[in-house]
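Residue-level listing of the chains:
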Amino acid sequence: MELYVGGRAQGKLSYVQQAHPGEQMEVIEGSRMVNRMETEGCPEKNVCVVWNQFHRYVREHMGQPPAQREAFVDQVVRELPKLCIISDEVGNGIVPVEAEERSYRDEVGRLLCRLAQQAERMERVICGMGQRIK
Amino acid sequence: MMTVIMGGSGSGKSAYAEALACAETAVEKRYYVATMQVYDAEGAARVEKHRDMRAGKGFLTIEQPCDIGDICSKIEPKESLVLLECMSNLVANEMFRGAKPKAGAEVVADIVAQLTMLCGCVSHLIIVTNNVFEDGTLYDSDTMNYIEALGRMNEKLAELADEVIEVVYTIPLTLQRREPCR
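Going down the list, the protein sequences come from chains A and B. Under the numbering used here, the first residue of the first sequence is numbered 1, with each subsequent residue one higher. Under the numbering used here, the first residue of the second sequence is numbered 1001, with each subsequent residue one higher.
Since the hints were derived computationally from the structure, they do not count as laboratory data. Among the hints, a few may not be true.
According to the in silico footprint, chain A covers these stretches of chain B (three or more CB under 8 Å from chain A) [claimed, not checked]: (1) 1019-1029; (2) 1055-1065; (3) 1137-1145; (4) 1157-1171.
Some chain B residues flagged as far from chain A (calculated, every beta-carbon gap over 12 Å) [to be verified]: (5) Glu1042; (6) Lys1049; (7) Arg1051; (8) Ser1088; (9) Asn1089; (10) Arg1097; (11) Lys1102; (12) Cys1119; (13) Cys1121; (14) Ser1123.
Listed next, with one range per pair, are the computed distances between beta-carbon atoms [unchecked claim]: (15) B/Glu1028 x A/Pro65: 31 to 37 Å; (16) A/Gln75 x B/Lys1100: 39 to 45 Å; (17) A/Gln64 x B/Arg1046: 35 to 41 Å; (18) B/Asp1140 x A/Asp74: 39 to 45 Å; (19) B/Gln1176 x A/Pro96: 28 to 34 Å; (20) B/Tyr1039 x A/Gln18: 43 to 49 Å; (21) B/Glu1028 x A/Val47: 53 to 59 Å; (22) A/Gly22 x B/Ala1109: 53 to 59 Å; (23) A/Asn46 x B/Ala1055: 44 to 50 Å; (24) A/Gln24 x B/Arg1046: 43 to 49 Å; (25) A/Glu98 x B/Gly1098: 23 to 29 Å; (26) B/Glu1024 x A/Pro65: 35 to 41 Å; (27) A/Met62 x B/Gln1037: 52 to 58 Å; (28) B/Ala1113 x A/Val27: 50 to 56 Å.
The model shown is predicted, which means the values in this text are computed figures rather than measured ones. Beta carbons are placed, not taken as given, at the ideal position from N, Cα and C, and that holds for glycine.
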């Protein structure tokens, strides 16, 4: 699995597409991954699945207990052998006043820390350019 | 020796700083200096989580929300390591401790003076600081002044530090490394 993080609107998806020339790709946005895993089965082995807007999946599933999100993310990583995960960086700001916003940021961070540990490759994308950090 | 660890919320910077502190085997004592003030249950839970993370790692905890220089008199200075967590709370606590917020420049100068003193009495000072600078939001003037002060503070820290490491979701990136002169 490859992990790409960076600020909003930094050209992360285009960067990932350019970094995999000639590969067949399927882009799945945020929470759509839940449906994708439940109903559509695994893609062909040679298809690279891009899970875009990972942070949106987290935001839309904050009602679940953390273990459930963790299990789902683990399942995606396990079952999709060619996987790129793209997430906005959301932790580099003032601690929000609202409790839900604070726990959302913490949870995106927690899950991305776990993914970073498992990733074979990790890049930070800024201005459409990638900086390989793992 | 001074090391600065910076990162955003949930970046894994605390875990990294603790691992770094534990890897320092030459020191006789390891102190964890907590600057966070607890106001509510969430704050208490956060402290609890960090306490659990440190459990069994041989840290002596000191709560020091303000006046960081006072640490010198609370530790056995010989061959000790101090892990200060974190600068973002310390700057806020110093800035907003009185009835009226203190000027950022004054807060920074004051903390820098105390840190220099602290650095002189320990063998390794590790400071955790926060990246709060990239959300693009316009806040009230107190918060804007605070962001400005923490930005200046981080610049000063980088000037003083032998090593500056940014942690991006557990991955350490070295921003600066100098040969220690002590």
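Going down the list of hints, with the structure as the test:
Note: the stretch 1019-1029 of chain B has 0 residues with beta-carbon separation from chain A under 8 Å; the three-residue rule is not met and the coverage is violated. Restraint check on the stretch 1055-1065 of chain B versus chain A: 0 residues with Cβ-Cβ distances below 8 Å, three needed, restraint violated. Here the stretch 1137-1145 of chain B counts 3 residues with a CB under 8 Å from a CB of chain A, which clears the bar of 3, and the coverage holds. Here's how the stretch 1157-1171 of chain B fares: 4 of its residues keep a CB closer than 8 Å to some CB of chain A, so the rule of at least three is met and the hint holds.
Against the 12 Å criterion, B/Glu1042 falls within the reach of chain A, whose nearest CB is about 7 Å from its own CB. Taking the minimum C-beta to C-beta distance to chain A, about 10 Å, the non-interface status of B/Lys1049 is violated against the 12 Å cut. No beta-carbon of chain A is positioned within 12 Å of the beta-carbon of B/Arg1051; the least distance is around 17 Å. The non-interface label for B/Ser1088 is inconsistent with chain A: the shortest C-beta to C-beta separation is roughly 8 Å, within 12 Å.
Not every CB of chain A is more than 12 Å from the CB of B/Asn1089 (nearest about 10 Å), against its label as outside the interface. Listed as a non-interface residue, B/Arg1097 keeps its Cβ farther than 12 Å from every Cβ of chain A; the least gap is roughly 18 Å. Against the 12 Å criterion, B/Lys1102 stays outside the reach of chain A, whose nearest CB is about 18 Å from its own CB. Distance to chain A confirms B/Cys1119 as a non-interface residue, since its nearest Cβ pair spans about 27 Å, more than 12 Å.
Taking the minimum C-beta to C-beta distance to chain A, about 31 Å, the non-interface status of B/Cys1121 holds against the 12 Å cut. Consistency note on B/Ser1123: stated as away from chain A, and its beta-carbon is indeed over 12 Å from all of that chain's, at 30 Å minimum. The supplied range of 31 to 37 Å is broken by B/Glu1028 and A/Pro65, whose beta-carbon atoms lie about 43 Å from each other. Between A/Gln75 and B/Lys1100 the CB atoms are about 54 Å apart, so this pair departs from the stated range of 39 to 45 Å.
For the hinted restraint 35 to 41 Å between A/Gln64 and B/Arg1046, the CB-CB distance of approximately 21 Å leaves it violated. At roughly 41 Å, the beta carbons of B/Asp1140 and A/Asp74 sit within the given window of 39 to 45 Å. Distance hint check: the CB atoms of B/Gln1176 and A/Pro96 are about 30 Å apart, consistent with the given range 28 to 34 Å. Between B/Tyr1039 and A/Gln18 the CB atoms are about 47 Å apart, so this pair conforms to the stated range of 43 to 49 Å.
Between B/Glu1028 and A/Val47 the beta carbon distance is about 57 Å. The supplied range of 53 to 59 Å therefore holds. Roughly 57 Å separates the CB atoms of A/Gly22 and B/Ala1109, a value that falls within the hinted 53 to 59 Å. Between A/Asn46 and B/Ala1055, the C-beta spacing of about 47 Å keeps the proposed range 44 to 50 Å intact. Taken as a hint, the range 43 to 49 Å holds for the pair A/Gln24 and B/Arg1046, whose Cβ atoms sit roughly 45 Å apart.
For A/Glu98 and B/Gly1098, the hinted distance range of 23 to 29 Å is satisfied, since their beta carbons lie about 27 Å from each other. Taking the beta carbon of each, B/Glu1024 and A/Pro65 are about 37 Å apart, inside 35 to 41 Å as hinted. Judged by the Cβ atoms, the range 52 to 58 Å given for A/Met62 and B/Gln1037 is violated: they are separated by roughly 27 Å. Checking the proposed 50 to 56 Å range against B/Ala1113 and A/Val27 shows it holds: the Cβ atoms sit about 53 Å from each other.
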